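S.K.: Take 1 as the starting number for the sequence shown in my numbering and just add one per residue.
If you are wondering where the hints come from, they were derived from the structure by calculation, not from laboratory data. None of these values were measured; they are calculated from a predicted model. We put the beta carbon where it would ideally sit given N, CA and C, even for glycine. Just so you know, nobody snuck in bad clues.
Here are the simulated distance ranges between beta carbons:
#1 E125 x K293: 32 to 42 Å
#2 R116 x F223: 27 to 37 Å
#3 G228 x E269: 49 to 59 Å
#4 S265 x G228: 43 to 53 Å
#5 G228 x A279: 34 to 44 Å
#6 E125 x E258: 15 to 25 Å
#7 H41 x L101: 18 to 28 Å
#8 I216 x D267: 40 to 50 Å
#9 R305 x R233: 25 to 35 Å
#10 P268 x E112: 39 to 49 Å
#11 Y45 x R305: 21 to 31 Å
No farther apart than 16 Å at their CA atoms in a straight line, the calculated lysine to aspartate or glutamate pairs in the EDC-like style are these:
#12 K234 x E153
#13 K29 x E112
#14 K124 x E261
#15 K124 x D176
#16 K92 x D31
#17 K200 x D159
#18 K247 x E272
#19 K247 x E258
#20 K133 x D176
#21 K195 x E153
#22 K164 x E275
#23 K247 x D176
#24 K247 x E275
#25 K40 x E83
#26 K234 x E44
#27 K21 x E112
#28 K28 x D95
#29 K200 x E153
#30 K29 x D121
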Amino acid sequence: MFAPLVNVFMAAYLVHIFRDKSPTTGSKKSDWFRRLSWWKHFGEYFPISLIPTAQLDPEQKYIFGYHPHGIISFGAIATFGTEGVGFSEIFKGIDVHLVTLPINFRVPFLREVWLRLGICDSSKETFRNILSKGSGSAIALVVGGANESLSAEPGTMGDLTLCKRRGFVRQALLYDACLVPVLGFGETDVFAVAKWPAVKRLQEKLQKTMGFAMPIFHGRGIFQKAFGLLPFRKPIHVVVGRPLNLKEIDSRAREAAEKGEKWLSQDPEGMELVERCHAAYVKELQRTYDDFKDLIYCHRTSSMRIR
1 MFAPLVNVFM
11 AAYLVHIFRD
21 KSPTTGSKKS
31 DWFRRLSWWK
41 HFGEYFPISL
51 IPTAQLDPEQ
61 KYIFGYHPHG
71 IISFGAIATF
81 GTEGVGFSEI
91 FKGIDVHLVT
101 LPINFRVPFL
111 REVWLRLGIC
121 DSSKETFRNI
131 LSKGSGSAIA
141 LVVGGANESL
151 SAEPGTMGDL
161 TLCKRRGFVR
171 QALLYDACLV
181 PVLGFGETDV
191 FAVAKWPAVK
201 RLQEKLQKTM
211 GFAMPIFHGR
221 GIFQKAFGLL
231 PFRKPIHVVV
241 GRPLNLKEID
251 SRAREAAEKG
261 EKWLSQDPEG
271 MELVERCHAA
281 YVKELQRTYD
291 DFKDLIYCHR
301 TSSMRIR
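Make a model of the complete structure from these sequences and hints.
M.R.: Rendered as structure tokens:
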């Protein structure tokens, strides 16, 4: 009797997963769930700290770009996906939603955790739904994506995949949102990545053919620190850079919403606007890195590389 009921429930739930629009609206976000003490302990484990460099006007809209991805982007999750490091206390009036790949919302039950944390999928529909809410609305994304995980070596920022990323800039122009670069110093220190040449060649081949590759990595164990799947207890300092008002960078940004995405992606003038705003973002990201690298990341073995 019990098994048939379970089958009916699971069938109905799977249908719900594919019909549910919550991943694009953020409507199931729960402040109570984001503030559970568990998330504070999660942030304290490493520990993760949040360092603002400027106040954010709650009358504006924002797109936060987090770098680097690392293996799991713990800094982004703690900062934008929970209240583990006190985001809403530091940036009052900013309602932020972290975005991730749509496939993550096809995982039964785990998707419900993401939704209660206010995490959404990274589709254009999500940007429209969230940023159309008006003042104080914000989206955070890990710009480089999982591509960066293959270069996530401790003591480095990895190779930041940014030079060809324009979509988040276009979305900021379409919805009159400020761009905010964010750096997670130490994000790549919490796991060690295998450096075997044969494995690296296989990963690179998978990356080219399938579009993604899972790095082979390890952390620490529960009772010993040499090997395991738990992340190492290494500090992650999340530095939020200064917001970029794109209308102040180029007056043509005032017309972007009216002219639309096609103008931004195909018209020479629109593409030039995107390039100029992208360059300003990269410059601010580099400035943020240079200002803090010797203060909180002095053990680095190489400088930040943008590709």
